[in-house]
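The primary structure of each chain is shown beneath.
There are 2 protein chains.
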Amino acid sequence: MTHERTPRQIKFGAILTGTGGPGDQLRWLDPEIPGDASVDIDWYIEYARLAEEAKFDLVFIVDSQFITPHSPPHYLNRLEPLTLLSALAVSTSRIGLVGTATTSYNSPYNLARRFASLDLISRGRAGWNVVTSGDAGTAGNYSRDEHFDYPTRYRRAAEHIEVSQGLWDSYEDDAFPRDRETKVFLDPAKLHELNHDGEFFQVVGPLNIQRSPQGQPVIFQAGDSNDGRDLGGRYADGIFTFTPSIADGQAFAADIRSRAAAVGRNPDHVLILPGARIVVGDTDDDAREIERAQHELSNSFEITLAELGRPFGWHDFSGYDLDAPFPDVLHLAEHSFRTQAEAIVAAARKDDLTLRQVVERRAALHPSPFVGSAKTVADTIQEWFEAGAFDGLNVFVSHPAQFRRFVAEVIPILQERGLHRSEYEGTTLREHLGLPFPANRYTVSATRVEQTANAASLSTAH
Amino acid sequence: MTHERTPRQIKFGAILTGTGGPGDQLRWLDPEIPGDASVDIDWYIEYARLAEEAKFDLVFIVDSQFITPHSPPHYLNRLEPLTLLSALAVSTSRIGLVGTATTSYNSPYNLARRFASLDLISRGRAGWNVVTSGDAGTAGNYSRDEHFDYPTRYRRAAEHIEVSQGLWDSYEDDAFPRDRETKVFLDPAKLHELNHDGEFFQVVGPLNIQRSPQGQPVIFQAGDSNDGRDLGGRYADGIFTFTPSIADGQAFAADIRSRAAAVGRNPDHVLILPGARIVVGDTDDDAREIERAQHELSNSFEITLAELGRPFGWHDFSGYDLDAPFPDVLHLAEHSFRTQAEAIVAAARKDDLTLRQVVERRAALHPSPFVGSAKTVADTIQEWFEAGAFDGLNVFVSHPAQFRRFVAEVIPILQERGLHRSEYEGTTLREHLGLPFPANRYTVSATRVEQTANAASLSTAH
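Protein chains in written order, with full-length UniProt numbering: chain F, 1 to 462; chain D, 1 to 462.
Bound conformation, chain F alone (with noise of 0.2 Å):
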């Protein structure tokens, strides 16, 4: 099964995260980010507004739910998605917003309201990043012994999706006639109950809001597990995932595009947007000395260390030996991020480290592939692209003068050249990433039956 892909421009994201991110823990040290830029709202405007001047596709917030004394800056302190993303829709008016939302601790009908009101808040610009937490100890802050094991998390996701998609068809997109003649606000045989009872959730519905611009939520997924790939490739517009290689980026696409062919969908509709971190310099060497830099002003043992218990349950590894061998702890990441995990057990049984050298490892620089010149970078994004290891780019704005030449100098570049919009041709995420209009689910059906009586006709006249 092939498929023609039509001529495409790069999607672009930008990972807003205020103080620095995973890796990148001590960015809020660089005097130009203020030290509470994780829930200063004005941060967020100014960088989703920059984007939008750029005509990013959109913006991107990541989350987290469980925090300890001893968590790094970036997960500390931060606003929650939908509130924050909600501020921004009504600051610009193109760019889409993105949004992290675990399906593990929230329930369809809040979860799904709340994506549908930014979404007709936003006029169309909603998306949503599905998750299903992986630090165990989410779980009690949600009155639960125990967080849902691998399986259960991804079983449940699949059936929160189902029913947030189900409820926002809720009303046809006709359902309104508000005619002040008849008195006639709502034609009730457009507004449609669910009734869903699954494994997980029982859900009669209807929601109480229509649907948007862009019918729908576009949806996102970001675990690159098996069954997070199966999720992806079944439900997902949209693939976060980060991609080292352009062969690496090669084998994931085409994975995640047979996964989304085998369930029937069209593969071309499933965009792979790995995250970025991109280093302009006024040379190659001068991108690579600001890399550098970076890194050095970044860099921590111990926060690396702190990170490195994270996919282990938030495991506390400050109490171990530094020179022994690495510690016999894969059963800890039983519950959390447990292909992370077996990825960092068996890097280290495979050259037989310490934990020190873990850590080390970790800790160290290891350069983006797109740092350099304007030129060299967007050279560089074109050749991925082009070589199809990535639909687009999620690009972390950590820090801001290097989004800021990003946004200047390469940008332009990739315009000229074809490969990025110069002004935005819709107004919705969808039309931005070229996704279809997704029918409602009722108006559908009623095609449906049209086409069926159609085709029997047509058979009787034969």
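Honestly, the hints are just simulated from the structure, not real lab data.
Where hints are given, some of them may not hold.
[To be verified] Now the stretches of chain F that chain D is said to cover, found in silico as 3 or more residues with beta-carbon under 8 Å:
#, segment
1, 23 to 36
2, 69 to 77
3, 98 to 111
4, 204 to 213
Here a beta-carbon is modelled for each residue, glycine too, at the ideal position from N, C-alpha and C.
Since the structure of chain F is provided, determine the placement of chain D on it from the hints.
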């Protein structure tokens, strides 16, 4: 126990409902109101800004989460309150932002986090109107066979508030040194777990967000039953109610304040803000004529019959014999708005009413006390306020022209009389309402420890 009332001004809230509200379901027939006002963020922004120009204390968003195809317009299609208020937060700068959220179908960690985010985004202007959900059908949207019964709902509400307030204090106000010299972001001694283990919730904490400039969101409460009043007296800073007469208002205020005093609170720190329908005309007669014309436009036997079903679990009365005695349906209110239902049944029994008569009485024009020329309305508000019938009014913004007249004609009179502010004195909702800043419980404890130590050393000195 008597309490000196400090000289006060009248507090004003604006209830923004979009297309009308309870008892005013056909308001959307007015061509001045967009038919989709209840999901149009621009409508909300316009009236929030108008209320802010008039130096109102707050806007107030009501809510519900259960509809059927026969629900009146007001319930059918609405934005989720916190998403809505976050958009208003960055569209205004001073006015308070109070949103309704149910304790029956939210997790405290999620909800506390969302209100804390709104509080930070608005720089200290968030308020939570605590409700327990009277629509029994809501259970079906949240995977429950049955709605919580009345006493359970209120026990759960109390615990939900306690947990939320505990989570909101997770960080002491000086928890983040964010010292670039020493690279210290957090003082871990100032981050506190809650470790709540109660009847309904087990929440370890801490919450992953700092406190706002007002310390914690303001608590409102809107249930008028006995348990609702207890909850309000114990926890609420503001009470949303209905006050048909000065005497009723005085009795209600005395009741709430005695409940507050009984649990050791300063009764002056509970403000009573009934909802008010205000109609301003050129003369008193003109205003009564506007009120009559408004009622005529919005009056509907069918919709009143449908709304009558709400306290009885949205019972469908349409199949009943309208001219038979009011049916025996009180048992249907078991898990719904029982107090309201009891009042309806008692009135019907007392006067031996048929179902038609009950509906006709409800549908009839109930003149508002706040109808007249601007001077008359100002006089009446002043009289009720000075008699202690309320601390302020929550004004229904159902008719835009009327709200504009109130703001343009009545507010200046009250300002001239010193009964309403001409400028905001503070920046937070708590400051607007004259409520004290809530010290962080852990910082308070430290102070208490100090005081105890001082007391001990004093007694040693004796």
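Against the structure, the hints:
no.: 1; hint: 23 to 36; verdict: holds (count 6)
no.: 2; hint: 69 to 77; verdict: holds (count 6)
no.: 3; hint: 98 to 111; verdict: holds (count 5)
no.: 4; hint: 204 to 213; verdict: holds (count 6)
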